[in-house]
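Asks: Next come the chains, spelled out residue by residue.
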Amino acid sequence: MLTKFETKSARVKGLSFHPKRPWVLASLHNGVIQLWDYRMCTLIDKFDEHDGPVRGIDFHKQQPLFVSGGDDYKIKVWNYKLRRCLFTLLGHLDYIRTTFFHHDYPWILSASDDQTIRIWNWQSRTCVCYYFYTENGNITCVLILNPPPPLVHSGHDRGVNWAAFHPTMPLIVSGADDRQVKIWRMNESKAWELDTCRGHYNNVSCAVFHPRQELILSNSEDKSIRVWDMSKRTGVQTFRRDHDRFWVLGAHPNLNLFAAGRLDVRERPAYAVHGNMLYYVKDRFLRQLDFNSSKDTAVMQLRSGSKFPVFSMSYNPAENAVLLCTRATNLENSTYDLYSIPKESDSQNPDAPEGKRSSGLTAVWVARNRFAVLDRMHSLLIKNLKNEIVKKVQVPSCEEIFYAGTGSLLLRDADGVTLFDVQQKRSLATVKIAKVKYVVWSADTSHVALLAKHAIMICNRKLESLCNIHENIRVKSGAWDESGVFIYTTSNHIKYALTSGDHGIIRTLDLPIYVTRVRGNSVYCLDRECRPRVLTIDPTEYRFKLALVNRKYDEVLHMVRNAKLVGQSIIAYLQKKGYPEVALHFVKDEKTRFSLALECGNIEVALEAAKALDERSCWERLGEAALLQGHHQVVEMCYQRTKNFDKLTFLYLITGNLAKLRKMMKIAEIRKDMSGHYQAALYLGDVSERVRILKNCGQKSLAYLTAATHGLDEEAEALKETFDPEKETVPEVDPNAQLLQPSPPINPLDTNWPLLTVSKGFFEGAIAAKGKAGQMAADPDMEAPGGEGWGDDAELQLDEDGFMDAQEGSGEEGGIKEEGGGWEVEEDLDLPPELDLPSGAGGGSEDGFFVPPTKGMSPTQMWCNNSQLPVDHILAGSFETAMRLLHDQVGVVNFEPYKSLFMQTLSRGRTCYLGLPSLPCLRSQPQRNWKDCGAKQGLPAVGLRLSDLIARLQHCYQLTTSGRFEEAVERFRVILLSVPLLVVDNKQEIAEAQQLITICREYIVGLTMETERKKLPKDTLDQQKRLCEMAAYFTHCNLQPVHMVLVLRTALNLFFKLRNFKTAASFARRLLELGPKPDVAQQTRKILAACEKTLTDAHQLNYDPHNPFDLCGASFVPLYRGRPVEKCPLSGACYCPTYKGQICRVTEATEIGKDVIGLRVSPLQFR
Amino acid sequence: PQSGGGAVPRGNGGDVDELFDVKNAYYIGSYQQCINEAQKVKPSAPERETERDMFLYRAYIAQRKYAVVLDDIKGNSPPELQAVKMLAEYLSSESKRDAIVDDLDKKMAKSVDAANTTFLLMAASIYYHEMNTDAALRTLHHGESLECMAMTIQVLLSLDRVDLARKELKKMQEQDEDATLTQLATAWVNIAVGGEKLQDAYYIFQEMSDKYLSTLLLLNGQAACYMAQNKWEEAEGVLQEALDKDSSHPETLINLIVLTQHLGKAPEVTNRYLSQLKDAHKAHPFLKDYLAKENEFDRLAMQYAPIATA
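Just so you know, the sequences run in chain order A and B.
If you read the first sequence in full-length UniProt numbering, its first letter stands for residue 1, the second for the next number, and so on.
If you read the second sequence in full-length UniProt numbering, its first letter stands for residue 1, the second for the next number, and so on.
These aren't lab readings, by the way, just hints derived from the structure by calculation.
Computed from a predicted model, the values in this text were never measured in an experiment.
Each hint can be trusted.
In silico lysine-lysine, BS3-like type, Cα no more than 27 angstroms apart, as pairs: (1) A:K936 x B:K170; (2) B:K231 x A:K931; (3) B:K167 x A:K936; (4) B:K42 x A:K462; (5) A:K1015 x A:K1025; (6) A:K343 x B:K231; (7) B:K288 x A:K855; (8) A:K425 x B:K211; (9) B:K171 x A:K391; (10) A:K1025 x A:K1057; (11) B:K167 x A:K931; (12) A:K855 x B:K170; (13) B:K265 x A:K899; (14) A:K435 x B:K211; (15) B:K42 x A:K425; (16) A:K432 x B:K211; (17) A:K391 x B:K211; (18) A:K899 x B:K293; (19) B:K231 x A:K936; (20) B:K40 x A:K425; (21) A:K356 x B:K197.
According to the in silico footprint, chain A covers these stretches of chain B (three or more CB under 8 angstroms from chain A): (22) 22-31; (23) 187-193; (24) 222-236; (25) 263-274.
We treat Cβ as the ideally placed atom computed from N, Cα and C, and that holds for glycine.
Bound conformation, chain A alone:
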C-alpha cells in the first residue's frame, strides 16, 4: 500500500478509480461516499445521501458522473462537478451489491440481493430496465419496458453479488449466492442467459470477464478462484488458497494480470523462539526449526476443529509445552489449547497429542508450571499444567495480555501497557502507547519493544520508555539481535532501532516478512506462506552507531578503517549526535575538518586545517575559539594572518609581551595608523612617543600638555616655544593631572595560559599509535632454550619438531573415546526413593511435645556402602576406609604422597548452596548416577577422568623434552598415584589405566636413573663404564620415539667415546630405525660408518642388548629374565629381592613385593 487515507470512518465497501485523474471514490459502510486525490492524499469531496452501507460505486468513463448503489435499495447517479446527486433510481427490493456504467450505452448494470440484475438507462432516467427471469426452470429472458412488473427471477435464485459488463462485447457476467456464475447476452431489446458455470460450492462473490480472452474469472467463499472458458462453458483452472477468502477481482486492462482482494483473516503466522529453536504453526502442524542446522520438522499435529487459524503462541521450554491461542471473529468464542510437545516425533507423521482446550482470549506462560489466561470477561486466571485454575487475579481493565518474563505480564488497555506482577498482584509500571499489537522481549529481558500498528516503543525492564518511533507504514514484526539492537520490519522495509532512539532502514522488502531471529548478518523470518527464510542484511550502520552509543571506540575505529561507510551522512550523523571528535577522523575535506575540529575544541587539528585552507574567515573563527581556550599563541597567529592589528596589540598588552607591543607600535607608525600608533604608545606608557605622535599630527597643545603633565620639561619647553603667542594660547596644565600608565604584567606570558590536561580521547590515541604499531608487534623470541638436563653429551638441538613428535606419538592415548557402558550394578536396582529411616523420631511433634529428629543417612555414607573403589570413599570423606582399600588393593603403606590427592578429591565431593541469609550454607553431593540412583544407590561424581590424566602426560613429555627431569618425574608420579583413584566403565579403559601406569613407571625409572647418572663422577675408567652402562639401560626404558632418539644419541656418543664401537653401532642402527631428522640421521650414519670400520668393544660392560632384562628401580642394574625379582604392587617396577618390603622408588608410596588384591578402578572388577 502506498498511501493510507485515515478515514476514521466505517469500513470501505466499494472503490472506483477515475479513468484519467488521480482520483478514487470510496463508498463507506456509514453511507458516505468519499472522493480522494490519491496523489495529494487529500479528501476532495464527500457525498452523503445514502442511508446505510454503500457497496456499488463506479465512475463514468467520459462524463463527470458516478453511480452508487446502497443497502437502502437506491441507485444514485451523481455529478461530481456539480457536487450533487442528479437522480435516484428506485426498483431494487434488497441491498444493492454492485453498480456499473456501460462503457458505451447510457446503461447502468446493478446486482442485488433481491436476486435480480437490472439494467437502467440513466439518460431517460425512466428506469428502462432489463429483467432477467426464469420460467418453469427454463431460462428465457425478456425485455420488458415500463412499467416494471412484479418481482421476477434473475436466473439466480439467491442474492446476486456481482454483475459486470463485458468491456467490449454485449455480454454480462454475474455471480450470486446460489454458487453459480451466469453469462448473459444482450441486444438492443433483450438479454438472455447464455450459460451457467457450476462448480463453486459456496457463495460467488465476484465474477469478471477477461479483457481479451474468452475467459471468465470468478471467486467464491469456498476460498477458490476459478477460471472458466466462455465458449466451452467449463472450468479451466482452479486456484485454491486454504487460508484466503477472496472477495473481489480486478483485471488489468492490458496485461495478463488479475488482482484478487482477500479478507485479511490473519496473515501473521503464530510463532515462538527459544534459543536456537523456532516453533511455528503451519497447516495444522506445529513445526520446529533449528536455526543452526536449518532442520525443519513437524513435531506435532494440532487438534482440528477450529476454523480460525492460530493467533498467537507461547512456548514453555522447561516443560516443552505450548499454548496456542485461537481468536474467533466473535472474541468471546476465542479458545486456547495447551499441548505438551511429544519428546520424539516422526516428522513425516507426527503425533497428534491430546491438548487441553479452554475458552479464553489469550494464554501466556508466567512460570514454568503456571500460565495466565485472559478470559472473555477480561479477568485474569492463573492455571497450572493440568489446566486447572489455581488463582484468580484482579487486574486493572485490560483487553490483551502479553508475556513479560517470569511472574509478570504486560496488560494492554485502550491507551497504554501496564507491567503487572502476578504474584504480588500489583501494577509495577505503566507506559502510554495506544493499541500495542505485539511485544518483543530481548533475550535477557532487559528491554522490550512494544509494537503498535504505526509505532514502536522501546522500554527497559521497568517499562520506562527509552524511545518512540513512528512509522507511516504498518509495523509487522521484530526481533532483538545479539548486540541489543532491535530489528523490525514494516510492510516493505527491514529497519533497525537502537535503544537510544536511533533508527533507520536496513533494506527494502518485496513482501512482508515476520522476523523470528537476528544473528549477525542474517535475518531469520517467516514469510506470509509460513515458509522459513533467511535474509542477509548489512549491519554495519547500526553496529557503528551502537558502538558509538556504547562508546566502544575501538570497534568504531575498526569499522572506520575497514568498513565502507564513510560518507556525508555518517559525518552529519556524528556531528548531529555530538561525536565531532569521531567524525573528525573520517573527514578528508579540510573545510569540514576545520569546523568539526572547532566543534570539539581540538585547536591543533583546527590550526592544521586552517593553515591548509588559509582563509580569512577560518582564521577569525579559529582566533575566537583559541581565545576562549586561552590558547593565545594560536590567537596571535590568527590575528597576524588576518592582520588584525588592534586586537593583536591588545593581545600583546594583556599577555605582557612588551617587546612585541613595541614592534606593533613601529608597524602602526609605518602604516601611518596614527590612532593605532598612539594607542600602542599609550599601552606602553611611552610618553615621549605620545608627545612625538601628537606633535607630528599637529596636535601641538595636546603634545604640550602631555609633555608638561608627565614632567618632560625639556620637551614641554621646546613645544611651548613653538606656540605663536599672537594666535595661540598655551593651554593650562592641570595641576592635579597624574600619570596614567597601565601597570605592566609582572610576568610576561610567553607560553599559553595553563590549559586543563584533557586526557586524550580514544581516537586521538588510536590514530597517534597507528604508526608505531608495527614496531610493537615484533614478537619476543619464543624459542625454547635447550634444557641443560640433557647435557651436552648429546649435543642436542631441541626444537619444536621434537615437541610435536611427542604429541603425535602419544596421540593414541589422547584419542581415547569414552564408551557408554553404564553402571549395570545400579541399573537393575530400582528402589522407591523414600528414605527408610525411623520416622517416629521426627513425627513426635504432632503431640505438641517436640522431639528433635535424629540425623539422617547422608549420601556420603551411602557411597561408602555402595562402592569398594577407593576414590568413592575419599569423596565421601571416609579416609580410613579409603586408606585401607588402597593398602589392600595396591599396597600403599606410605600415604604422604597421597595427602594432596586425598584433600583435593575430598574438596570436590560436595558443592554448596545458600539457604537463608546469614546461615551456614547447605551442601549438595553431585553423583555420577544421579539420574537413576534413587535415594540409596548413589555414587559420587568422580571428577577425575582417565582422559584428563592422559592429557596431563603431554605436559610431562614436554618437561622431559626440555630436560627438566626432576620436575617431570614428580608429575609422572602424581599421574601414576592418581590412577588408583579413577573410576572407569569398561575393560578397555581398565587396560588403558594399567597402560598409563606402565608409561609413567618407564619414564620415572629412566629419568630417575639419568638424574642419578648425571650426579656420578666420571674420573676413572670404572666410573665411565658405569655411566655408559646406565646410559645403555636407559635405552631399554619404553619411551616415546622423540625421547628415545635423544636417549640413543646420548648412549651412542658415550659408547663411541669409550671406543665400544660394536655396541655404539647397535645404538646407531636403533636410532636410524626411529627415523630421526635428516641432520641427526646424517651424523648418525657417519658415526655408524666409523664404528663399522672396527666393529669391536674396547671394554667389557654389564650390558647385553640381546638378553632381555628388567631394570632394578633402586640399584639400576639389569635383572635378566629368570632371575628372582620383586615387584611394586602398583607401578610394577622391578627390584632386586633385597629391596623387598621397602618403599617403591617409583611410587614412593607402595611397598615392594607386597601381596595385594590388585588395582581396582571399575565396578566390573568386582563381578
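Since the structure of chain A is already known, use the hints to place chain B on it.
Replies: Chain B alone, transformed into the frame defined by chain A:
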C-alpha cells in the same frame, strides 16, 4: 485442603504487601537492594516499620556490616530489633559467642514469646551456627511463620532428613505456594531429593533471577543444580558470573574448587581458589572441615608403614 481446579489458595490475601520488595530482596540475597528499598519505603503502620528495620539490619548482617547494627540498635529499640542485635553480636566477635549462647540458653529455658518470630529466628540462627540443631529445631518449632518453616527445612536438610523437610515444605506450600521463601525452600528440598527434581530446582533459581536479579545466592543455587546433574560446562558459566559479581565470595570459591576439578583443569587452578578461600574466609566451616580432615589424614597415615626401610 488440596483440590483440583477452581480452588483459590489463601495466599496473603489480595492486598499488596508494602514490604514485599524489601523482603524479597533479602531472601534472594540481594542485600544492598534490600537496604535501598528499606530506606525508600514508608510503611503505613509502626509495627510494619519495625518489620522493615528488622530486614534492614539483617541485610547489614548478611553483608557482615555488624557495626552498623550494633551502633544503630539501642537499648530502647523494640524487642524484635534486640534479637537482631543479638545475632549481630554473636557473628561479630568469636570471643563473645559462648557468653551469648549461655545467655540465650537461659532465655530459652524461660517461657518464650512465640509471637516474637524474629527472636525465634535469631535464636535458631545462633544455634544453627553452633551446630546445635536440636536447639535450633526446638526453637523454630514455636514459630509458625514461613521463614521459621524455611529455616526448619534448612536445618533438617543439614541433618540429611529429606523426608521431614518434605513434610515441612508441604506445610509451607499450603500456607503460600507462590511466596519467594516457599519457592526457595522447594528448590533446596529438590536439590536434596536429586534426580529429576534437580531441574525443577534449577528453574526456580532461574525464574527468580529472571524476575528480579541474579544474585550470588541464586547463581550458586543454579551452579549446585548443574553440578548435581553433572553439567559441568553449564555450571562454569554460572559460577563465572558469580565470580564476576564478587571475586571472594566463599561459596562461589568452594563451588569453583569442585568445578575446576570436574572440568579436568590443572590442580594449580583449583589450588588458587583454595588459597583465596583460606586468605579471605579463615573461619568458614568448609575450611574448618578441611583442616580437621588434614589432621585426620595425618593421624590415619601413621598407622601404615613399610615393613623394611632402605
